[in-house]
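There are 2 protein chains.
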Amino acid sequence: MDEPKDTKTRGWIRKVTPEMVPPSLNDNTADVDRLMKGIRKALPQNEILFDFPLAREIPTILGKYDYQVAAVLFEDHDRLHLSGVLPGAADAPLYGLAVDLGSSTVVVRLLNLSTRERVDETSFHNPQIEIGLDILTRIHYAAQEGGLQKLQSLVRDRLNQEVHTLCRKHTIEMMTIAGMAVAGNTTMTHLFLGLDPYWLCREPYIPALNSPPIIKAHELALDILPGAPVLVFPNVGSYFGGDLIAGILASGMNQQEEVSLLVDVGTNAEVVIGNSDWLMACAGAAGPALEGGVANMGMMAGPGVIDKVSIDPDTHEFHTRTIADQDPIGICGSGLIDLVAHLFLSGMIDMRGKFVRRTCGDLLREKDGITELVVVGPEKSGTGKLLTLAQTDIDGLVRSKAAMFTILTTITNTVGIPLSKIRHFFIAGTFGSYIDPRSAITIGMIPDLPLETYVPLGNTSLQGATQGLLSAEARKNIFLIRDQITYLELNVNQEFMNFFSAAKFIPHTDKSIFPSVRP
Amino acid sequence: MDEPKDTKTRGWIRKVTPEMVPPSLNDNTADVDRLMKGIRKALPQNEILFDFPLAREIPTILGKYDYQVAAVLFEDHDRLHLSGVLPGAADAPLYGLAVDLGSSTVVVRLLNLSTRERVDETSFHNPQIEIGLDILTRIHYAAQEGGLQKLQSLVRDRLNQEVHTLCRKHTIEMMTIAGMAVAGNTTMTHLFLGLDPYWLCREPYIPALNSPPIIKAHELALDILPGAPVLVFPNVGSYFGGDLIAGILASGMNQQEEVSLLVDVGTNAEVVIGNSDWLMACAGAAGPALEGGVANMGMMAGPGVIDKVSIDPDTHEFHTRTIADQDPIGICGSGLIDLVAHLFLSGMIDMRGKFVRRTCGDLLREKDGITELVVVGPEKSGTGKLLTLAQTDIDGLVRSKAAMFTILTTITNTVGIPLSKIRHFFIAGTFGSYIDPRSAITIGMIPDLPLETYVPLGNTSLQGATQGLLSAEARKNIFLIRDQITYLELNVNQEFMNFFSAAKFIPHTDKSIFPSVRP
Chain A
1 MDEPKDTKTR
11 GWIRKVTPEM
21 VPPSLNDNTA
31 DVDRLMKGIR
41 KALPQNEILF
51 DFPLAREIPT
61 ILGKYDYQVA
71 AVLFEDHDRL
81 HLSGVLPGAA
91 DAPLYGLAVD
101 LGSSTVVVRL
111 LNLSTRERVD
121 ETSFHNPQIE
131 IGLDILTRIH
141 YAAQEGGLQK
151 LQSLVRDRLN
161 QEVHTLCRKH
171 TIEMMTIAGM
181 AVAGNTTMTH
191 LFLGLDPYWL
201 CREPYIPALN
211 SPPIIKAHEL
221 ALDILPGAPV
231 LVFPNVGSYF
241 GGDLIAGILA
251 SGMNQQEEVS
261 LLVDVGTNAE
271 VVIGNSDWLM
281 ACAGAAGPAL
291 EGGVANMGMM
301 AGPGVIDKVS
311 IDPDTHEFHT
321 RTIADQDPIG
331 ICGSGLIDLV
341 AHLFLSGMID
351 MRGKFVRRTC
361 GDLLREKDGI
371 TELVVVGPEK
381 SGTGKLLTLA
391 QTDIDGLVRS
401 KAAMFTILTT
411 ITNTVGIPLS
421 KIRHFFIAGT
431 FGSYIDPRSA
441 ITIGMIPDLP
451 LETYVPLGNT
461 SLQGATQGLL
471 SAEARKNIFL
481 IRDQITYLEL
491 NVNQEFMNFF
501 SAAKFIPHTD
511 KSIFPSVRP
Chain B
1 MDEPKDTKTR
11 GWIRKVTPEM
21 VPPSLNDNTA
31 DVDRLMKGIR
41 KALPQNEILF
51 DFPLAREIPT
61 ILGKYDYQVA
71 AVLFEDHDRL
81 HLSGVLPGAA
91 DAPLYGLAVD
101 LGSSTVVVRL
111 LNLSTRERVD
121 ETSFHNPQIE
131 IGLDILTRIH
141 YAAQEGGLQK
151 LQSLVRDRLN
161 QEVHTLCRKH
171 TIEMMTIAGM
181 AVAGNTTMTH
191 LFLGLDPYWL
201 CREPYIPALN
211 SPPIIKAHEL
221 ALDILPGAPV
231 LVFPNVGSYF
241 GGDLIAGILA
251 SGMNQQEEVS
261 LLVDVGTNAE
271 VVIGNSDWLM
281 ACAGAAGPAL
291 EGGVANMGMM
301 AGPGVIDKVS
311 IDPDTHEFHT
321 RTIADQDPIG
331 ICGSGLIDLV
341 AHLFLSGMID
351 MRGKFVRRTC
361 GDLLREKDGI
371 TELVVVGPEK
381 SGTGKLLTLA
391 QTDIDGLVRS
401 KAAMFTILTT
411 ITNTVGIPLS
421 KIRHFFIAGT
431 FGSYIDPRSA
441 ITIGMIPDLP
451 LETYVPLGNT
461 SLQGATQGLL
471 SAEARKNIFL
481 IRDQITYLEL
491 NVNQEFMNFF
501 SAAKFIPHTD
511 KSIFPSVRP
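Each protein sequence line maps, in turn, to chains A and B. Counting from 1, one number per residue, gives the positions in the first sequence under this note's numbering. Counting from 1, one number per residue, gives the positions in the second sequence under this note's numbering.
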C-alpha cells in the first residue's frame with residue numbers, strides 16, 4: 001500500500017545523461033549552452049529552464065568531469081527545470097525524501113527515485129516540542145523576537161542531521177537527493193517554511209499561504225541538492241492542512257465513484273467525505289483524550305504502554321497487552337478506547353460513563369475527591385505504582401468521542417448521505433491504526449457499520465508524501481484535491497449541541513443506531 | 001530613434017492592482033492565495049508563478065497596507081511571474097534601467113516603464129579600469145584568488161551607487177525599479193554575472209554561458225526590486241557579445257528585406273551582414289588605433305580632444321575642432337581618421353601612409369629616431385607642449401583600417417553579396433558616430449559607397465537594451481537574432497593575408513574600388 005506499485009507511473013524528477021563532445025575550435029559553444037543542447041537532444045520538445053546561479057557552477061563541473069555528467073531535472077507547470085548537474089555515472093540512482101511533518105513525530109522515508117523502492121525510514125520527535133508540546137504554544141512563541149526562525153531551524157537542523165545519517169548509512173552523496181515531499185498540518189507547514197503562523201489561531205484564522213509553489217532546497221537551507229524541488233503539500237485552511245490532503249491522496253477516495261469517509265483521529269478530529277466528484281471536509285476540536293494525552297495513566301505509544309485491553313465479562317479480570325511486551329507503565333489512546341469499551345460491556349460503567357460501584361467493587365478508590373479505578377496493581381506495574389483510570393479521564397474521553405461522532409453526523413447530514421451508504425471508512429494516521437474499530441463503535445465514537453467498512457491506513461501523511469514525490473500524476477492529483485474540497489465551517493449552533501448531547505452517552509441516547517452494541 | 005515610438009508595443013514588465021477584500025470569517029483564504037486570486041481576476045487566462053521567498057513577505061505587506069497593493073509582474077517563457085508587491089497607489093509608475101555595459105564606459109538610462117519615457121541618463125567610467133584598461137588584463141586578474149568577485153563587485157557597486165543617485169534625484173523608490181536590461185560584450189557580461197572568463201581568451205575560446213536565463217535582481221545583489229527581472233543580452237561567442245546583438249536589434253536590419261551591414265568600430269572590428277532571412281557575423285582584432293588609443297597624441301574623447309580635422313590643400317594649414325571648444329590636448333579616433341585622410345588628400349603622406357618630406361616641410365621632426373609631424377604648436381596647445389603625430393601612429397592606423405576593410409571584404413565575399421548591394425551601412429557605437437564617413441572612405445577603411453548609405457546609430461548597445469527592456473516583441477527578437485546568426489570564424493589564410501596587404505595602402509592598391517577618393 002505504501003509505494004505506488006505501478007512502475008509505469010511517470011515520475012516528475014529525473015536524470016538524463018546528455019551526450020556532449022568537449023568544445024574545440026570547430027565547436028566553441030558556451031558550456032551552459034552546450035549542456036542545454038545536450039539535454040534538449042535527450043528530451044526533445046522540451047524547453048529547459050534553469051535558475052541563474054546554476055550557470056556559475058556548470059562550467060566547473062563540465063570541465064572537472066570532462067563533459068561526462070548527468071543532468072537532474074524536474075517538471076513543474078509543464079516545463080522542465082534543471083535542478084543540478086552531477087558527475088557522470090549514468091547508472092547511479094537518484095534519491096528522494098518523503099517527510100511526514102508531525103507536530104510530535106517527524107517521519108522521514110528515503111526512496112530510490114529510479115526504482116521507486118523504499119531505501120530506509122526513520123523518525124524523530126519534533127524538536128519543537130522543547131518549545132511547546134501543543135501547537136498553540138508554538139504559534140505564540142513564533143511571535144517572539146527570533147521565535148519563528150528558532151522554530152524553523154529546530155526542525156530543519158534535525159531533519160538535515162537525519163539526512164546526513166541516512167547518507168552515511170547508505171553511502172549516498174547528499175547531492176543525489178534530488179527531491180523532497182513534505183506533508184504536515186497548516187501550522188507545521190508554516191513553521192517549516194518560516195511563514196508567520198500568527199493569524200492561524202486568531203480571527204479570521206487566515207494562513208499566510210495555502211498553496212506553496214515548488215521550493216528549491218537551498219531556499220529552505222536543506223542539505224540536499226540545492227536546486228532540488230521541495231513539494232510542500234498545500235493547506236485548505238488553518239484547520240485543514242497538507243497532511244490531510246496527503247491522506248486523501250493515499251486513500252484514493254477521490255478516485256472512487258462510491259462515497260467514502262476519511263477520519264484522522266487526534267486532538268483535532270478531521271473528517272473528509274466524498275468521491276471522485278466531490279469532497280467535503282470538516283475539522284473540530286476533539287480534545288487530547290482520544291490520543292491518551294491527558295488521562296492519569298495516559299501517554300504516547302511506547303514500550304510498556306498498554307495498547308489493548310479486554311475484560312472478562314464474568315470475572316471482571318483485566319487482560320492488557322503492552323507495546324514490546326514490557327510491564328505496563330501507562331496507556332495510550334487505543335488502549336483507553338478498548339478499556340472504556342470493555343468497562344461498558346462488563347457493566348462497570350453506565351451509559352453516562354460513570355463507574356458502577358456495585359460491579360467495580362474493590363477496584364474503586366478515592367483520590368483528592370475523585371473516584372479512580374485501579375487498572376494495574378503495583379505488583380504488576382512497570383512503575384511500581386498503581387495505574388489508575390479516573391472518572392474525569394472517562395468523562396474526557398466521552399466528550400472527545402461525542403465530538404467526533406457529532407462531527408461525523410453533521411458532515412453526513414450536510415451532504416445528505418446516510419451512513420449506510422458509506423463504502424469505506426478510512427482511518428488515517430499511525431495512531432488511528434491501533435484503534436480497534438469494534439471498541440470505537442462500542443463507545444459510540446464511530447458509526448455502527450460493518451467492521452469490514454473500516455480501513456486503517458497507517459501513516460497516510462507519509463504515504464501521500466511518497467506518492468507525491470514519485471508520481472507526476474499524484475502531484476497533479478494533490479492540486480485537484482485541493483481545488484475540489486469544500487471546507488465546512490463547524491457551526492456550533494443549537495442543532496450541533498443537540499447532536500453533541502445525544503452523543504455524550506455510551507454508545508448514544510438512540511440505541512437503535514448502534515444495534516451491534518449490546519452491553 | 002532611441003525609444004520605440006509605437007506605444008502599442010506591448011511591455012513585458014507590468015503592474016496590476018488586484019481587487020481584494022480583506023479576509024473575514026466568511027472568506028479566510030490564505031494571504032498569498034488571496035493575492036494570486038486577485039491577480040488572476042485582473043489577468044485572466046494567466047497562470048501566475050512566483051518564487052517562494054516572496055511568500056514570506058506578502059502577508060506582511062498585505063496587512064500593512066490593508067490589502068491595497070500593486071503586484072509587479074513580468075513575462076517569461078509565456079508565463080507571468082510575480083516579482084514583487086508594492087504598496088497601493090495604482091497610478092505610481094514603474095521604472096526600469098537600460099544599461100550599456102562598456103569596458104571603458106557604462107551608460108545607465110532610467111526609463112518610466114508605464115509611459116516608456118526616458119527619465120534620465122548617466123554614465124561613468126567602468127571602475128574595472130583600475131584593474132586594467134584592456135580586457136585581457138581583467139580576464140587574467142579574474143583568475144586570481146577573489147579576482148572575479150572583485151571585478152564583479154567593482155562594477156555592481158558603482159552601478160548601485162548610480163541607482164541610488166538617480167532615485168534620490170527623481171524621488172523614486174528603489175523598489176519601483178522593476179526591471180533591468182544589460183548589453184555588453186562577452187567578457188563584460190561574464191564579469192557582471194560573476195562567470196569565470198578564463199576560457200574566453202584561451203583555446204578553444206569558450207564562454208561559460210551564451211544565453212543567460214532571466215536573472216532576479218537579488219541574485220546579482222542589485223539594489224532594485226529584489227525579484228525584478230534582469231535581462232542580460234546573450235552572446236554568440238567569445239568575440240561576439242550581447243552589445244552586438246543589441247546593435248542588430250537597434251538597427252532593425254534583421255527586419256528588413258534589403259541586405260545591410262552593421263559595423264562596430266573599436267579595438268575589435270565587429271561586423272554583421274544580413275537581412276530578415278539571414279545574418280552573418282564576424283569579428284577580428286583591429287587594434288586600438290581606430291579609437292585613438294595608442295597614437296602619441298591619442299586619447300579617449302573628452303574636453304579639449306580634437307575630434308575633427310581638415311587641412312587646407314593649398315596652405316597646408318590645419319583646422320582642428322576640439323570637444324567643448326577648449327585648447328587641444330590630444331586627438332581621438334575620429335579626429336585621427338580625419339587627420340590621416342586630410343594628410344593623404346593634401347599629399348603630406350603617400351599611399352603607404354609615409355610622410356612626404358617635400359610637402360610636410362618644417363612640420364616634420366625626428367624624435368628618438370622616429371619621424372613626427374607637428375599638428376599643434378606649443379603656443380596653441382592646451383598642454384603647453386607640441387602635439388605630434390608619429391609615423392608609427394599612422395602605421396598603426398593603417399594596419400587597423402586594413403584589418404577593418406579586410407574583414408568587410410571577407411564577410412561580403414563569403415556571403416557573395418557585392419558591396420554595391422548594401423542598402424544600409426550602420427555604424428554602431430558612440431565612437432563610430434563621430435567618424436566622418438568621407439574620411440573613413442578616403443583612408444580606405446570602409447567601402448566607397450554613397451554617403452547616404454552610412455547611418456551612424458550612436459550607442460546601439462544602450463538603444464537595444466532600452467528596446468529589450470520596454471518591449472516583449474523586442475525581447476523575443478533578441479533570441480531570434482541570436483538563433484539566426486552564423487558566426488564566421490576569421491581564417492587567417494593566404495587569401496586573407498592578400499586582402500590585408502592590398503588594404504594596407506591608402507585607400508587601397510586597387511584604386512578602382514575607391515573611385516571617389518582623389519588625392
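Please note that a few of the clues may not be correct.
Note that identical chains are pooled: a pair holds if it fits in a single copy or bridges any two copies.
[As the list claims (entries may be wrong)] Think about it this way: if two alpha-carbon atoms lie no more than 30 Å apart in a straight line, the pair counts; the simulated DSS-like pairs of lysine-lysine are:
(1) K385 x K169
(2) K385 x K37
(3) K476 x K367
(4) K476 x K385
(5) K37 x K476
(6) K150 x K64
(7) K354 x K169
(8) K511 x K150
Keep in mind that the hints were calculated from the coordinates and are not lab data.
Comparing the hints with the structure gives:
For the identical chains of this complex, K385 and K169 are neighbours neither inside a copy (41 Å) nor across copies (79 Å), given an alpha-carbon limit of 30 Å. When the C-alpha separation of K385 and K37 is checked against a cutoff of 30 Å, the pair qualifies neither within a copy, at 73 Å, nor between copies, at 59 Å. In this assembly of identical chains, the alpha carbons of K476 and K367 never lie at most 30 Å apart, being 56 Å within a copy and 81 Å across copies at closest. With identical chains, the CA atoms of K476 and K385 are never at most 30 Å apart, being 54 Å at best within one copy and 79 Å at best between copies.
In this assembly of identical chains, the alpha carbons of K37 and K476 lie at most 30 Å apart whether taken from the same copy (28 Å) or from different copies (19 Å). Proximity of K150 and K64 under a CA criterion of 30 Å is satisfied inter-copy only: 24 Å between copies versus 39 Å inside one chain copy. Within a single copy, K354 and K169 get their C-alpha atoms no closer than 53 Å, and across copies no closer than 80 Å, so neither meets the 30 Å cut-off. Within a single copy, K511 and K150 get their C-alpha atoms no closer than 51 Å, and across copies no closer than 81 Å, so neither meets the 30 Å cut-off.
Consistency with the previously given hints fails for numbers 1, 2, 3, 4, 7, 8, ordered from lowest to highest.
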